[in-house]
Amino acid sequence: MNYEQEVKNRVEWIKDILKKTGAKGVVLGNSGGKDCSLVEILCRKATPNVLSVIMPCESSQNYGSDREHAYLVAKAFDIPTIEVDITRAKQELKKVIEPIAGNDVPMAYNNINPRLRMSVIYAIGQAKGYLVAGTGNASEIYMGYFTKWGDGGYDFNPINDLLVEDVYGMLKYLNCPEEVVNKKPSAGLYEGQTDEQEMGVSYSEIDKFIKTGESKFADKIMSAHKKTEHKRVPPMKYKQD
Numbered sequence: 008m009n010y011e012q013e014v015k016n017r018v019e020w021i022k023d024i025l026k027k028t029g030a031k032g033v034v035l036g037n038s039g040g041k042d043c044s045l046v047e048i049l050c051r052k053a054t055p056n057v058l059s060v061i062m063p064c065e066s067s068q069n070y071g072s073d074r075e076h077a078y079l080v081a082k083a084f085d086i087p088t089i090e091v092d093i094t095r096a097k098q099e100l101k102k103v104i105e106p107i108a109g110n111d112v113p114m115a116y117n118n119i120n121p122r123l124r125m126s127v128i129y130a131i132g133q134a135k136g137y138l139v140a141g142t143g144n145a146s147e148i149y150m151g152y153f154t155k156w157g158d159g160g161y162d163f164n165p166i167n168d169l170l171v172e173d174v175y176g177m178l179k180y181l182n183c184p185e186e187v188v189n190k191k192p193s194a195g196l197y198e199g200q201t202d203e204q205e206m207g208v209s210y211s212e213i214d215k216f217i218k219t220g221e222s223k224f225a226d227k228i229m230s231a232h233k234k235t236e237h238k239r240v241p242p243m244k245y246k247q248d
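Mapping the sequence shown onto my numbering, position 26 (from 1) lands on 33, and the numbers just tick up by one.
These aren't lab readings, by the way, just hints derived from the structure by calculation.
Remember, it's a predicted structure, so these values are computed and weren't measured experimentally.
Treat the hints with caution; some may be incorrect.
[Said to hold, decoys possible] The list that follows gives simulated cross-link-like pairs (lysine to any residue, SDA-like), each with its CA atoms no further than 20 Å apart:
| id | residue 1 | residue 2 |
| --- | --- | --- |
| 1 | K191 | G136 |
| 2 | K155 | K27 |
| 3 | K101 | K155 |
| 4 | K31 | I89 |
| 5 | K27 | K191 |
[To be verified] Taking CB as the label site, the calculated pair distances span:
| id | residue 1 | residue 2 | range |
| --- | --- | --- | --- |
| 6 | M8 | E105 | 24 to 32 Å |
| 7 | N9 | M243 | 37 to 45 Å |
| 8 | I104 | E185 | 34 to 42 Å |
Beta carbons: idealized from backbone N, C-alpha and C, even for Gly.
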């Protein structure tokens, strides 16, 4: 991949979107990870009006390394960054849901985090006249490893076609801080959580399968892709035959 040209193309694409929509800038959620770091860097190259929002929620990782890495990138690339703590909002919401939903399905509550974050991002975006940038890469999207109506909701996404290996390569080309490039991918939804452990397959194997159709984990990857198809298509609507 020609990273110099790819960066230039994506920056121009973002500029064109802002011009066509009349939006004043871009807002995005920042978890301190590789994907959001790349997106905010690309957006910052396209416009000075970028707002990166750190939204810690319960997990100590959110308040520790995630926050540190987010500010590290913000300082390196001069990106305005704010914090909105959503822990209390989630806890209050959970209180009224638990009597109905119980506690047997932890992910039902873990997925509240990204949905709350998207609510915050869109409220800020509407107030400022900014578009919401998505931060999901092609490998995650293929696996359906994102929350529907959470981090899967955005106005545009400048990295949706990049495999994880491409994201790493572009970050290195852009001289992103090594702490971010080298950290284990994690949504930070709960203590000790990592993407690869949760999916049961490494990103290198996912990338290999997407490129070649081959992997020793092919069955697992194809199964995940099939089960999450509903996340990648418009909502089902009634249509009379």
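Hints, verified against the model:
1. K191 with G136: Status violated; Cα separation ~34 Å.
2. K155 with K27: It is violated: about 27 Å lies between the C-alpha atoms, which goes past 20 Å.
3. K101 with K155: holds (18 Å)
4. K31 with I89: holds (18 Å)
5. K27 with K191: Judged against 20 Å, a Cα distance of about 37 Å means the pair is violated.
6. M8 with E105: 24 to 32 Å: violated (47 Å)
7. N9 with M243: 37 to 45 Å: holds (40 Å)
8. I104 with E185: 34 to 42 Å: holds (40 Å)
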